[in-house]
Amino acid sequence: MRDTNRPNLEDVAALAGVSTASISRCINNPKKVAEPTRLRIQKAIDSLGYMPHFGGRALAINRTNTVGAIIPSMENAVFASGLQAFQETLNDSKVTLLVGSSNYNASQEYDQIRSLLSQGADGLLLIGKDRPKKTL
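For the sequence shown, my numbering gives the first residue as -15, with consecutive numbering after it.
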């Protein structure tokens, strides 16, 4: 059931005076939309507070634009610094980082890997020691 308070693609299209295909194109490939139209669409998006439903998009393109990272401990500043640099790189590509900690426990790490993959992470960064082939 759709949240009737949350604006959808049709609401934005109606306010901007364009088709839903134009809205989709503007969100996914803005360079292919004429600047006056893109600005009108962006104004409608901002006015309505529209947020794209990336779950539906992920199903359509079979990608989530998320990457998981599993570190041995949240308490180690070296891991935090590495994750910060990784996050900055991912931000440039509009990829979301999901982080888990194994607490130096191989079983916990395996569970974290399975969880991130089941949630659709496009890739994983595993930091730490060697792993059994089962984990990889």
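Just so you know, these hints were derived from the structure itself, not from any lab. Worth double-checking, as some hints may not be accurate.
Mimicking DSS-like on lysine-lysine, the simulated pairs with C-alpha atoms at most 27 Å apart in a straight line are [stated by the list, open to error]:
{"no.": "1", "residue 1": "LYS78", "residue 2": "LYS27"}
{"no.": "2", "residue 1": "LYS27", "residue 2": "LYS16"}
{"no.": "3", "residue 1": "LYS15", "residue 2": "LYS113"}
{"no.": "4", "residue 1": "LYS16", "residue 2": "LYS113"}
{"no.": "5", "residue 1": "LYS15", "residue 2": "LYS27"}
Between beta-carbon pairs, the in silico distance windows are [what the hints assert, rightly or not]:
{"no.": "6", "residue 1": "MET35", "residue 2": "GLY107", "range": "32 to 42 Å"}
{"no.": "7", "residue 1": "SER99", "residue 2": "GLY1", "range": "35 to 45 Å"}
{"no.": "8", "residue 1": "LEU23", "residue 2": "SER99", "range": "16 to 26 Å"}
{"no.": "9", "residue 1": "GLU19", "residue 2": "TYR88", "range": "28 to 38 Å"}
{"no.": "10", "residue 1": "ASN46", "residue 2": "LYS113", "range": "37 to 47 Å"}
{"no.": "11", "residue 1": "ASP76", "residue 2": "LYS27", "range": "40 to 50 Å"}
{"no.": "12", "residue 1": "ASN75", "residue 2": "GLY104", "range": "16 to 26 Å"}
{"no.": "13", "residue 1": "ASN87", "residue 2": "LYS27", "range": "46 to 56 Å"}
{"no.": "14", "residue 1": "GLU(-6)", "residue 2": "LEU23", "range": "49 to 59 Å"}
{"no.": "15", "residue 1": "LEU109", "residue 2": "ALA18", "range": "34 to 44 Å"}
The beta carbon of each residue, even a glycine, is placed where N, CA and C say it ideally should be.
Now the hints, each set against the structure:
no., hint, result
1, LYS78 with LYS27, "21 Å, holds"
2, LYS27 with LYS16, "17 Å, holds"
3, LYS15 with LYS113, "43 Å, violated"
4, LYS16 with LYS113, "45 Å, violated"
5, LYS15 with LYS27, "17 Å, holds"
6, MET35 with GLY107: 32 to 42 Å, "24 Å, violated"
7, SER99 with GLY1: 35 to 45 Å, "44 Å, holds"
8, LEU23 with SER99: 16 to 26 Å, "41 Å, violated"
9, GLU19 with TYR88: 28 to 38 Å, "53 Å, violated"
10, ASN46 with LYS113: 37 to 47 Å, "32 Å, violated"
11, ASP76 with LYS27: 40 to 50 Å, "26 Å, violated"
12, ASN75 with GLY104: 16 to 26 Å, "19 Å, holds"
13, ASN87 with LYS27: 46 to 56 Å, "48 Å, holds"
14, GLU(-6) with LEU23: 49 to 59 Å, "20 Å, violated"
15, LEU109 with ALA18: 34 to 44 Å, "39 Å, holds"
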